[in-house]
Every structure is written in C-alpha cells, then in structure tokens.
Amino acid sequence: MNVSYQWLSEYLDLTGITPEGLADKMSRTGIEVEDVFVPETGLKKIVVGHAIKVEDHPDSDHLHVCQVDIGEEELSQIVCGAPNIATGQKIIVALPGSRITGNTKIKKSKMRGQASNGMVCSLSELGFSEKVVPKKYADGIYVLPDEAIPGEPVFSYLAMDDAILDLSITPNRADALSMRGVAHEVGAIYDRKPVFKDVSLTEMENEKIADYITVAVEDKNDTPFYSMRIIKGVKIAESPMWLQTKLMNAGIRPLNNVVDITNYILLEYGQPLHAFDYDRLASKDILVRRATEGEKLDTLDGETRQLTSEMIVITTGEKPVALAGIMGGLGTEIQEDTVTIALESALFEPVAIRKTAKELNLRSESSSRYEKGINHATILSASAHAAALIADLAGGTVVSGAAIVSIIEVENVLVSITLEKLNRSLGTKIKTDEVLSIFNRLGFGVTEDNGLFNVSIPPRRWDISIEADLLEEVARIYGYDNLPSTLPIIESTPGKLDDKQRIVRHTRHYLEGAGLSQAISYVLTTTEKAGQFVMRESDATKLDFPMSEDRSTLRMNLISGLLDNVHYNTARKNTDVALYEIGRVFYKNKDSLLPIEEEHLAGVLTGSLVENSWQEKAGKVDFFNLKGIVEGLFETYGLTESLTFVVDKDREGMHPGRTAAVYLGEQSIGFIGQIHPLVAKKYDIKETYVFELNMHPIIEGEKHPTIYAGIPKYPGMTRDIALLVDEGITNQQLIELIHEKGGKYLRQVRLFDLYQGDKINEGKKSLAYTLSYLNPKETLVEEEVTKAFEKVVHALVEQFDAVIR
Amino acid sequence: MELKQKLEALKEEALEKIAQAKSLPLLDQVRVAYLGKKGPITEVLRGMKDVSAQERPIIGAAANEVRDAIAIQLESQKAVLELEKINHDLAREAIDVTLPGKQVSTGQSHVLTQIMEEIEDLFIGMGYQVIEGPEVEEDKYNFERMNLPKHHPARDMQDTFYITKETLLRTHTSPVQARTMDKHDFSKGPLKMISPGKVYRRDSDDATHSHQFHQIEGLIISEDITMADLKGTLEVFAKKLFGAEREIRLRPSYFPFTEPSVEVDVSCFKCGGSGCNVCKQTGWIEILGSGMVHPNVLEMAGIDSTKYSGFAFGLGPDRVAMLKYGIDDIRHFYQNDVRFLNQFKVKE
Numbered sequence: 001m002n003v004s005y006q007w008l009s010e011y012l013d014l015t016g017i018t019p020e021g022l023a024d025k026m027s028r029t030g031i032e033v034e035d036v037f038v039p040e041t042g043l044k045k046i047v048v049g050h051a052i053k054v055e056d057h058p059d060s061d062h063l064h065v066c067q068v069d070i071g072e073e074e075l076s077q078i079v080c081g082a083p084n085i086a087t088g089q090k091i092i093v094a095l096p097g098s099r100i101t102g103n104t105k106i107k108k109s110k111m112r113g114q115a116s117n118g119m120v121c122s123l124s125e126l127g128f129s130e131k132v133v134p135k136k137y138a139d140g141i142y143v144l145p146d147e148a149i150p151g152e153p154v155f156s157y158l159a160m161d162d163a164i165l166d167l168s169i170t171p172n173r174a175d176a177l178s179m180r181g182v183a184h185e186v187g188a189i190y191d192r193k194p195v196f197k198d199v200s201l202t203e204m205e206n207e208k209i210a211d212y213i214t215v216a217v218e219d220k221n222d223t224p225f226y227s228m229r230i231i232k233g234v235k236i237a238e239s240p241m242w243l244q245t246k247l248m249n250a251g252i253r254p255l256n257n258v259v260d261i262t263n264y265i266l267l268e269y270g271q272p273l274h275a276f277d278y279d280r281l282a283s284k285d286i287l288v289r290r291a292t293e294g295e296k297l298d299t300l301d302g303e304t305r306q307l308t309s310e311m312i313v314i315t316t317g318e319k320p321v322a323l324a325g326i327m328g329g330l331g332t333e334i335q336e337d338t339v340t341i342a343l344e345s346a347l348f349e350p351v352a353i354r355k356t357a358k359e360l361n362l363r364s365e366s367s368s369r370y371e372k373g374i375n376h377a378t379i380l381s382a383s384a385h386a387a388a389l390i391a392d393l394a395g396g397t398v399v400s401g402a403a404i405v406s407i408i409e410v411e412n413v414l415v416s417i418t419l420e421k422l423n424r425s426l427g428t429k430i431k432t433d434e435v436l437s438i439f440n441r442l443g444f445g446v447t448e449d450n451g452l453f454n455v456s457i458p459p460r461r462w463d464i465s466i467e468a469d470l471l472e473e474v475a476r477i478y479g480y481d482n483l484p485s486t487l488p489i490i491e492s493t494p495g496k497l498d499d500k501q502r503i504v505r506h507t508r509h510y511l512e513g514a515g516l517s518q519a520i521s522y523v524l525t526t527t528e529k530a531g532q533f534v535m536r537e538s539d540a541t542k543l544d545f546p547m548s549e550d551r552s553t554l555r556m557n558l559i560s561g562l563l564d565n566v567h568y569n570t571a572r573k574n575t576d577v578a579l580y581e582i583g584r585v586f587y588k589n590k591d592s593l594l595p596i597e598e599e600h601l602a603g604v605l606t607g608s609l610v611e612n613s614w615q616e617k618a619g620k621v622d623f624f625n626l627k628g629i630v631e632g633l634f635e636t637y638g639l640t641e642s643l644t645f646v647v648d649k650d651r652e653g654m655h656p657g658r659t660a661a662v663y664l665g666e667q668s669i670g671f672i673g674q675i676h677p678l679v680a681k682k683y684d685i686k687e688t689y690v691f692e693l694n695m696h697p698i699i700e701g702e703k704h705p706t707i708y709a710g711i712p713k714y715p716g717m718t719r720d721i722a723l724l725v726d727e728g729i730t731n732q733q734l735i736e737l738i739h740e741k742g743g744k745y746l747r748q749v750r751l752f753d754l755y756q757g758d759k760i761n762e763g764k765k766s767l768a769y770t771l772s773y774l775n776p777k778e779t780l781v782e783e784e785v786t787k788a789f790e791k792v793v794h795a796l797v798e799q800f801d802a803v804i805r
Numbered sequence: 001m002e003l004k005q006k007l008e009a010l011k012e013e014a015l016e017k018i019a020q021a022k023s024l025p026l027l028d029q030v031r032v033a034y035l036g037k038k039g040p041i042t043e044v045l046r047g048m049k050d051v052s053a054q055e056r057p058i059i060g061a062a063a064n065e066v067r068d069a070i071a072i073q074l075e076s077q078k079a080v081l082e083l084e085k086i087n088h089d090l091a092r093e094a095i096d097v098t099l100p101g102k103q104v105s106t107g108q109s110h111v112l113t114q115i116m117e118e119i120e121d122l123f124i125g126m127g128y129q130v131i132e133g134p135e136v137e138e139d140k141y142n143f144e145r146m147n148l149p150k151h152h153p154a155r156d157m158q159d160t161f162y163i164t165k166e167t168l169l170r171t172h173t174s175p176v177q178a179r180t181m182d183k184h185d186f187s188k189g190p191l192k193m194i195s196p197g198k199v200y201r202r203d204s205d206d207a208t209h210s211h212q213f214h215q216i217e218g219l220i221i222s223e224d225i226t227m228a229d230l231k232g233t234l235e236v237f238a239k240k241l242f243g244a245e246r247e248i249r250l251r252p253s254y255f256p257f258t259e260p261s262v263e264v265d266v267s268c269f270k271c272g273g274s275g276c277n278v279c280k281q282t283g284w285i286e287i288l289g290s291g292m293v294h295p296n297v298l299e300m301a302g303i304d305s306t307k308y309s310g311f312a313f314g315l316g317p318d319r320v321a322m323l324k325y326g327i328d329d330i331r332h333f334y335q336n337d338v339r340f341l342n343q344f345k346v347k348e
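As you go down the protein sequences, you meet chains A and B in turn. First residue of the first sequence? That's 1 in the numbering used here, and the numbers climb one at a time after it. First residue of the second sequence? That's 1 in the numbering used here, and the numbers climb one at a time after it.
These are computed hints drawn from the structure, not numbers from a lab. All residues carry an ideal CB built from backbone N, CA and C; glycine is no exception. Some hints could be false.
Stated by the list, open to error - What follows is a list of derived Cβ distance ranges for each label pair:
1. B/GLY302 / A/THR202: 55 to 61 Å
2. A/LYS500 / B/GLY302: 22 to 28 Å
3. B/ARG92 / A/ARG651: 55 to 61 Å
4. B/LEU99 / A/LYS496: 42 to 48 Å
5. A/GLU491 / B/ARG249: 26 to 32 Å
6. A/LYS496 / B/ARG249: 28 to 34 Å
Claimed, not checked - Every beta carbon over 10 Å from chain A, so not counted as near; a handful from chain B, in silico:
7. SER52
8. LYS78
9. GLN281
10. LYS324
Using the sequences and the accompanying hints, generate a full structural model.
In structure tokens:
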C-alpha cells in the first residue's frame, strides 16, 4: 500500500519526523516500508501556464501554436500537439532547460518553422503511471484547476511534493491497509495520538430509506453485514484536485466524483464500498445470495464472468448486479447521467471472497481487503462519511437511514497476560509501568491487577486475540533491539549425524577424492525423462498444474538429470564432465497418499578424467574408470555382503554390451554402464558412462567391524600365468576357478594383462594373472606353491580349454 | 738403508700419482699398482727376509708407514672424486621445477552443500539433530500444521505446486518440524533439530527466482525458551556463517507459524555496514526468518503451550551463497556447469 505522508499528517502530528525516518522506524517496529519516494524527484522548471491563445499551426494538421502566460511579462509561444488543448486552460509547462520524466531535457526549438519555448506536458510526461492517469487526459495534456497561478511550480498542485511510503503489509496486519490503521500504528510507534475529525451527515428527515430500497441476505454466514444508503440528486463530475491527487498518489485512477469518493473511503477506512446507479437497478429489493451455476455477470472491467454456486452475488432478486466484495456490474455502473446513488457497505465472508477472486483471477482493492478481514466497527460510519462527501462534492442529498441486515456485534476483545509470563517469554525484565504505557500507546484499554494485565482490544485490531499476540505487540513496541541476548539454558543433548547422514557424507567425500564433483539437478523434469533409467516399475508423480512440460513430473531416476547437466556442459565446450549426485527419486505408491522417496546415488563420466598434459595423454574415460570408482567406494563401506557386477543386456537406454547390473549379495541395487548411443544422441552428448544405485541397501546393509589381522611376518610368493581362452569366457569365471582351485595359501589374483588382436587367433583372447600366495604361520615352501599352482593350471586347461602361454 | 730410501721414493711417487688420478677408475689403478699384492710395497715387505734382524723392525715400520700414508691419501682422493662425480650427476639430473606437477583429479562438494554442512556442523556442536523429511508433503503438514488453514490469505506468500488436492511439493522445510514434534518424547529432553533440504515454489525461473531451492531450518522446544535465547542463538549463527565481526538486527515480521515473528538482518559482510551494492546502501542484509513457535503449532502437535515454548528459524542457502560469493544467477546452482562447480574448491 502506498501511504501519503501529507495525508497521514492530517491525522497525526508528524512534526520532527522525516518521511525517511518514519519509514525506518516503521520497518523496525512491524510494518516494512519498501521504498520512500517523492514524485517530483528529478523534475525541474515545470510550471503552471495559462493558454491565452491557441491557434492551429499554419503548416500542420495537428499541431497548435499557443501563446502561454507563464507568469512573466511577455507571453511565451509553445507549439503543442495534444488534441485536447484549448484556449483558457491552465496547463503544465516544461520551460526551456527543464527536466521531465526519464531525465529528458527540454530545450527551445522550432517546429515546422514556429518557435516553441518549451513543452506542454501530460501527466505521464511527469512520471505518472499510465494506470492512474484519468481517462479524460489519457491521450492528451492534463488540465489544472482554474485557481492555479501561472509561473508557479506545478508540483504542489499535483501533490508531487508529497512523500510516498510503499508499505509491504503482511497478511496479519490488514488493519494497516488503511490510512486510519497506519495513523494508529504510527501513533503507537511515536506515542502520538491520532485524531480523526467527526463527520456530520445531514439526512433528509422526510425521505425514509425503506421507501427507496430493501436489502435481504440469503446466508448470513456469507454476508454477516449488508447495508445500503441512498443519495439523491447528485451531479457526476470530475473530482476536486485534492481528491484526484490523493488517489493518484495511492495508485488509483480517478474516474468521477462518486466513484472517487468510494475509493477515498476505502483508502481512509479500509472499508470497500460500492456505488450503484439506483435508477439502473431493475428492482429495489436487493438480495444477496450465492450465484447459481451458469449465471453470468458483466463486470466493470468489461469481462463476462461465468458464475458458480461458490460465489456470492448482489442481485435485484433475479439478476446479479455485482460480484460481492470484488467488483460491480457493468449494467449498474455510475455514468455521467446518474442522479441517484445506492451506496453499499458490507462485510463478506473472507474465504468465499478469496475463493471467488482466485477462481476468476480477479483481485481488486476490495477483495484483497475482504479476504484478510476488515474493521467491523466502521462499516456503517465509513458509508456515512462517504454519503456526506458525496452530498458535499456531488451536490446530492442523503435519504435518512440505511437499509441494514446484520448479525455482527461490534465489541472489544479481552485478552490477558501476566507480567511474569511476558518477561519469561521475552527474556526481559520489563516493568509494569512500561507495559501499561505500551498498551496505552497502542490505544488498547488496559487494567493491571497484581501482575495480570487485562487488555481490551478494539475491533480495528482484529488480528489480536491470544496471549502470544499481546507478547508480540509489547515486544515490537518495546523494541527488538532492546531485547537481551542469551543462549538457552536447558538440559543438554548430544548432537550427531545419524547413520544415513554419515554414509552420505562419507560417500560424497570419497567420490570427490575420486575426481567427481557434486551436482544438484532439478527434481522436476519432463514426463519422458522422469521415466527413463528406472530401477523399478512405477507410475510417475505429476504436478496438477505444471508451469511447463519441462518441469511437470517428479524424477524416478537421477541419471536423466545428470545427462542434462552433461549436455549443458558439452554445449559450452566443457567436454570433460565427472559428476555425482545424491538425491531423491519418487515412486508412486498405491497404498499411501505420498509417493515413496528413495535416496539414490548416481554418477556420470564423459571425456577424460584428467586433461592432456606434458607428461601424459588424457585417455578417454571408459566403463572401467567408473567401475573402479564404484568398487573402491564399496570397499570403504565395509558391507558384509559382496558386490557383484552381472551382465545386463536388456536395460532400457543402456548399451547392451557395456552394462552391468550391480548386486549387493542377492539384491539388485542398481546398474552401471554406457549410455546407449541413440539415447546419447537424443541428449546431444558423446560417449558417456553412468551408474545409479539405491542407497538404502547400503545404508541399511550389515557392516563388518574393522578387524586388525597384523602385518604378515613371513614373505609371500607370486606366480604369473598367461592363458589363451575363447573370448566368451569372462574374467569372473576364470578368477572364480582360480580361487576355487588355488589352495589355502592363495591370497589374491590380479589381472595384469589382457590382449585381443592380430597376434592371436580370432575368437580368442589372452589374459595374464599374478597369483599371490602367503602362509601367515611360516615361510612358504617352494614345492607347496608349485603344487598349488599346477592344480590351477590343470583346472584352467581342463575346464576352459585354456592354452597356457 | 737403501730400502728405506726406496720406500720414501715410492711414497713420493705414489702420492704424486694419486694427486694426478682424476677419476675413480684411475685412482683404483693407482691403488692396485702401489698397494696391490704385486705392488712395490708388498715386494719390499717380501724382501724383508734378506734384511738383518736389527734393521727389520725399522724397515717394517717404515713400509707400514708408507703404505698407510698412501692408503690415507687414496681414501681422501676417493672422497674428493666421489663428491665430484655426485655433483656432476646432480647437475645432469636437474629438472625444470616450474613444470606443472602430475594432475590428481579431485572433485568438490556443491557450494550449497558446503553452506548447509557448515550450518549443520555448527548446530550439531550445540546439541541439535539433523532431521530430514519428505519433499512431497501433505497439505496438512506443509500448511495446516503450520497454522495455515485452507484458504488462509498467507498461503499467497508461498505459491505452491500441488500434485493432488491434499499433496504438494513442500514449500518450506517446516513440515519436518511438525512431523518431528509429533514423535518427540519430551520426557527424554528438549527437542533440538535442524532440517536442511530442497523446497519448491511455483515460480518462473529467472536470474533471481527458482522453482527449486534449498532451506535449512532450526527448531528448539523446551521449557522456558525465551526470545532472548533466539536472539543469542542467531548471533552465534551469524558470526559463524558470516564472520566474527557481524552483528544482527531483528525486525518484526509475520510468519503464520511463529509469534512474535522476526526478520533477521546481518550487518553487510561486504562493506561491514557502511553501505554498498550488496546491501543496497543500507548496511544490512536480510538473511533469516525466525520467531517464537506459535502456540497453535505446539498445541496441534499435542505439546502443552503453557509449559513449553520454543523458537524456529530458517534461511535459504541459495541466497546466502549468492550474497557471499556475488553469484548473480540462481540457475547456476542447478545447471551444474563444471566451470561454476569447480570454483568452490577452497574449504573456508
């Protein structure tokens, strides 16, 4: 809400308080002021002019040559293109050397041969927003009132010398969505009492409201209060300058005197009002009810609204004439020929208003107040004030009384708090007197009895109803800066990470040591990507109303996000990418409201792990780089179950010959391999290797403790073997056999060479292993090892038809 | 005494040769020539049998003396030559030490993780537990239990991705607090928790908005927790995260789940408070939301609000990282450009 400093000072003595000082103080006490601005800032040498003579430009079909009194001895000639300029007008003149909005300088010039000493300005040329400029002047210059004195700066006429405070009002402080509310707030902050002048409403005693209109409410929960007043014999015209400028500074466009007054009252009281053209109401028996499905209403903004039974409408019994609390109808709009006004002031149920405004995507000044609540105490007095102003400014007379339906009782709310509780909650040592003074400043009634404060809250602060509300009021007026600063003195508790968090951190550190950086990708992705590389059957979890297809579905895998990252990098010439991610995937679960969230670990490698250097050429990463990282990681987990890699030819999206399912014991926990070239093409990436694992079996899996076995006292022995086998025989088959037949002293089998190529027969491959033997109890005897080794050789020949080389 | 003179001459001759030997093999040749089994000194000693018994000890002593002198000289010359050889080799082995070392490729944690971990560790040190919760939440936990009933105007403060009417992507990590409060047994001590994680808001992505970001929230509930305790705890927090010189400033604010609610400003860590572009010339940076847990939130969790009180606070690691490092686009965090990720190697 934009608050005018000048307007505020009508209610409260602001002597000695600068707008900036006020803004800071408000921000520190409860209502954040986002900005303070003075509309005239940056403008200069813009004065009132009097158009003495306006003639058509001899060489133009739209320009005018004007002789303008700018308060100097001689008239000044200015060429003006505005269609609405006319002789006798008081106009806004930017003199030569002046500055208008956007820091634009105005100079003397010639326009089609005619000298022009400056420029006649529109409001937008002074920086007014298009949305507040009165319609009448939207396409032309602005016309000042006749009283304006030529040569004087225009700023005070347009209230551009005012300071505007842009308040960011939180939903709980809707009481400050009004000038009166702000005045109370500022009064409490500075301990100055706001004063509001009594409004005297003169009503025509002989004209009774009942003869003009009746009101009825179908559901009093929807509409706890509804009232109408009638003002007769009005003349619709432009509002006086003070009213227009107040509205414009508050960000509202002036329309005509009657509508402007309802908006003015809205700003002053926070009470939304609506003025109907009485003669255009088809019936004078007003019924407030829910709309029926399929009913329609043309609202003031020119839209045809489809109504539902959720919406409250004002009707003439049959037809809706206004959308309650949100916007009036076009058919009963105030027009130039309107003479009788039906003025509505009401209270509508916040949730119904909020739902309707949301449903129709129609937020108005009115609805934004109703949905947060309004001051029940001023519903009727606000409309009385409005009626008096209409009579005053539009020349009407007010019919006596108001047609009212009401179930509300306006009374103060009593809330109590003890001094002990207050100090115990805030950690302060505030004294009784201070507390009493704070409540007084806030304008609350208060009595104190033996440390108990009974506080009487006026209806204008409907946000206060419980003890904690009082605590907050005292604390903020007392000043948060004045609160002491302590640490909790309570029973101490051990703080530590749980198993999962420890394993996650450990995993991160290991993978970073292995050269992978942590990525955090978007969880929301396309439906297609969400369902790629999935490790179990599941429907996808989709957003109800996604903002785009790209971010419509919760991921069921991490790899697709990592591939997006690879694409993002390689598109920017970062060809070497090594990333891992730990995060959730989401599987739909028929048996529960929420999806299953599974913690996954995934990694991606493409390009090279190291850059080309003077010493070594960067090798392209391959399957075994990534596998080595995973194997190394699992060695550090200490899981009792062993990790195995099983040929996986049929995994969707993966290279059929370069993919392995990863097992922990008997349980499949994920996979590792190369992205299928066709999928890689879709992602627009090169040869890329990935793995993805479910972390839960790792977190929950049984771990073996570290058992120290001592350092071997006796030397071991090694034997090397090179063998030629069919290429279909796997390393794992060979190693398993070697271990099986290796004897009790065989400790380790290590593949140190693999060859396939020209030098051996096609369909064959050559592998070379080092077998390490150790007897922890004594020095190994040569013959024992030889005997054991021979057994292995024999078995290999026997079982795999291996040729020993 | 002819032999004695001969020995003297031999000595002179050998010492001369030793001095002339400029390499270890040459020196060895000299050694063999003079001290070898067929060398002249051995020969002299062999000829001792012809010497008279009187002279024998004299000649013997003289021969030993000559041999020792030669041996000593040989050793010392050997040491000199060895040193020369080593020096020569060292000179030959010299490398350009300014050539780059062999790369060891390492990765690093995401900057957001680094910030969250730093905060976690600080609070673990103060006895807090790290507790995580689901990212897809029930409306009940995300809003209702946070004192935000359906159709509450404050729901506008958090634009929400709904999945169904009752489920949504959590808009803050606060629902974890509600879930934890339900389970906590206060007879076993106070509740002290910190919950980091991803949160989501219905927002169009641009440089300063992201539909996905992170939050880390803390909660403490016990008997007699005061607002002063909140202030003190946040001071410790701010100083740890932004530097020991930092000050904090509390401003009243509004969150439905706390009352009083507090917005926390930290004195600008770039300019120290004198005003700069980071703090928009105010000297202060808004960094945290916090407050005393609303009694409704406690009661909804079955906690007696007349007996227990607590405070909660939360902040966005994304925003902290952006301010701390001057990162101008929030999307960098989730695009994972390696040129971005690699800049956060230094562990502060």
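Query raised in the report: Taking 42 to 48 Å as the hint, is the beta-carbon distance of B/LEU99 and A/LYS496 inside that range?
Result: Distance hint for B/LEU99, A/LYS496 holds at roughly 46 Å.
Requested in this report: Could you say whether the range 28 to 34 Å given as a hint is met by the Cβ separation of A/LYS496 and B/ARG249?
Outcome: With a Cβ separation near 33 Å, A/LYS496 and B/ARG249 satisfy 28 to 34 Å, so the hint holds.
Query - Claimed clearance of chain A by B/GLN281, with the beta carbon kept past 10 Å - result: holds, 12 Å
Query raised in the report: Has the hinted range 26 to 32 Å been met by the Cβ atoms of A/GLU491 and B/ARG249?
Result: Check passed, 31 Å falls within 26 to 32 Å.
Query raised in the report: CB of A/LYS500 to CB of B/GLY302, is that within 22 to 28 Å?
Result: Holds, at about 27 Å.
Query raised in the report: Closest CB-CB distance from B/LYS324 to chain A, is it above 10 Å?
Result: At about 17 Å from chain A, B/LYS324 clears the 10 Å cut-off, so the statement holds.
Query - Given as non-interface: B/SER52, partner chain A, CB spacing beyond 10 Å - result: Correct as stated: the minimum Cβ-Cβ distance to chain A is 62 Å, above 10 Å.
Query - A/THR202 and B/GLY302 - C-beta distance against the hinted 55 to 61 Å - result: For B/GLY302 and A/THR202 the Cβ distance comes to about 59 Å; the hint holds.
**Report entry** Whether B/LYS78 stays farther than 10 Å from all C-beta atoms of chain A, as the label says
**Finding:** holds, 37 Å
Report task. Starting from the range 55 to 61 Å, see whether the pair B/ARG92 and A/ARG651 falls in it by beta-carbon distance. Result -> holds, 57 Å
Of the hints listed earlier, there is not a single one the structure fails to meet.
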